[in-house]
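Undergrad: So the protein sequences, as listed, match chains V and F.
For what it's worth, the working numbering labels the leading residue of the first sequence as 4, then goes sequentially.
For what it's worth, the working numbering labels the leading residue of the second sequence as 897, then goes sequentially.
Treat the hints as calculated values from the structure; they're not laboratory data.
Careful: at least some of the hints might be erroneous.
[Said to hold, decoys possible] Cross-link-like lysine-lysine pairs, in silico, DSS-like; alpha carbons within 25 Å at most:
#: 1; chain 1: F; residue 1: K1095; chain 2: V; residue 2: K101
#: 2; chain 1: F; residue 1: K1027; chain 2: V; residue 2: K116
#: 3; chain 1: V; residue 1: K86; chain 2: V; residue 2: K119
#: 4; chain 1: V; residue 1: K132; chain 2: V; residue 2: K116
#: 5; chain 1: V; residue 1: K86; chain 2: V; residue 2: K116
#: 6; chain 1: V; residue 1: K138; chain 2: F; residue 2: K1087
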Amino acid sequence: MTTPYISVSEIHKSFANTEVLKGISFDIAKGEAVCIIGPSGSGKSTLLRCLNGLAAVDRGTIRIGSHSVHEIRTDQQRIALRKDVSMVFQQFNLFPHKTALENIMMAPVHVLKQDKGEVEARAHALLKKVRLDGKARHYPGELSGGQQQRVAIARSLAMRPSVMLFDEVTSALDPETVKEVLITIRDLVHDGLTCVLVTHEMGFAREVAEHVYFTDDGVIVEHGKPAQLFAHPEHARTKAFLDQIL
Amino acid sequence: MPVLNMAAFERAAALASRGARLELLPVHAIVLAMCFMVSIGIAEAQVQSGHPSVLATLWKWTPLIVKGFGFNIAISFLAMAIGTFFGAFLGLAQISMMRPVRRGAWFATHFFRNAPWLVLLFYCMFLLPFKFTLFGTTVPFPDWMKATLGLSLPVMANVSEIVRGAIQSIPTGQWESAYSLAFTRRQTLWKIILPQGIKRMLPPWMNVYCILAVGTVLASVVGVQEVMTLTGDALSSENRPELLMPFYGFVLLLFFAYCYPIARWTVAMERRYAVDI
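Make the full structure from the sequences, and use the hints.
TA: In structure tokens:
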């Protein structure tokens, strides 16, 4: 394996007296897509939040490109990290007072201070990429869940991040709109964007992930190629989880 | 018995939640106008021969009373402006990342929110100088200005809570998604949180204004020449006890005519901006 782009080593994280992450380590190469699966409350979301600095780790190291995430202390360092590492949420979290187009344009205009005309052209192209051209002037409240989530993905892409984190992005969607979001993400993976996905969509994980991690109770129980992990899980816990969900 | 108690409790709770805002209905206008008419009727019956009628006397004093009322409105505008300006700062300070700032703002807010308005008014009247010297020039500091400052203190505290509450009512997901797009805390607050919060602030802010507008008559206690003081002056110069009810009824009507439309507007706005998440 070439030098990893994301390198996580022995990270620990506690909330109050509950240890949520109990020593997690993994490496991800540039352009790789990995899925993290596991039961609710196993620390998957916390892990993603540690990667873009929304939560700080207690112990251990996280390196993403040139960023030493575990050592971040200042706002400038945090901002620099988040320009590279963007995140899409379960609840979309679009800005309800802005149109789809404005949602996409805000960060490049205000954070990157890019030219408004150029950003607008790019935002239109991104809407087209997520198959929502024609919805530019719609407000989030006027869009379906799946459409909102695709706008949220486009909004993150507008920052041209090198890593995208997806936190159960289809869990809050109606079954019929899940597919359109998954297709959008699959396109990104095929484009070669580094993606870390927390997901309950096992079929999707099997299809797009190059590597799958199964977490439970704050540790990585098992990991491997999807074909191998889904077909021949080694650990009893993995087996039990997969039996339940598949 | 417990069932009865429960019902009484629910009624009291409903009343309490309704009492939290100044709610005026059309029926209040009708009742008030009828009381006013009846008071004029009764007073007319008591007019002694040789005296002009109650309506004629009221008409004579109307310009003065209305002028006083205009002064009340002016005080309410000014106190609202000052209170909103400082209250907005105080509200933002309440969500500061710096603990001492947050604590200080919290204390100031709750101190002034829980102080009786009249006590604050008296403090301002007696603690502030009647003039002060700035760069060699003496600036007078009249009573009405001190009263305005006194009234702006509780407004400030209430606005502070409105601002804090509106900001904290915005889902945390909005902060997190903005942070994930590399916005700073300040950018997130100004570009994403406050634009959404303003809508939620307007109705309670207008409620505070209505309460302030009717509260300006407190300034009469400390001798400001506003509507209550002037009405009292008019009554004492007439020295006719039958005029008391119609004159003060007239003042009540003035305030109702002013506050009622604002209260209705507030209700309409609350409906329009009803939170839909």
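Undergrad: A separate judgement is required for each hint: does it hold in the structure or not?
TA: Hints versus structure:
1. K1095(F) / K101(V): holds (14 Å)
2. K1027(F) / K116(V): Violated. K1027(F) to K116(V) sits at ~50 Å, over the 25 Å cutoff.
3. K86(V) / K119(V): holds (18 Å)
4. K132(V) / K116(V): Measuring from Cα to Cα gives roughly 23 Å; hence the hint holds.
5. K86(V) / K116(V): Given that 25 Å is the threshold and the Cα spacing comes to 12 Å, the pair holds.
6. K138(V) / K1087(F): Roughly 22 Å between the alpha carbons, so the hint for K138(V) and K1087(F) holds.
Hint compliance for this structure: hint 2 alone is broken.
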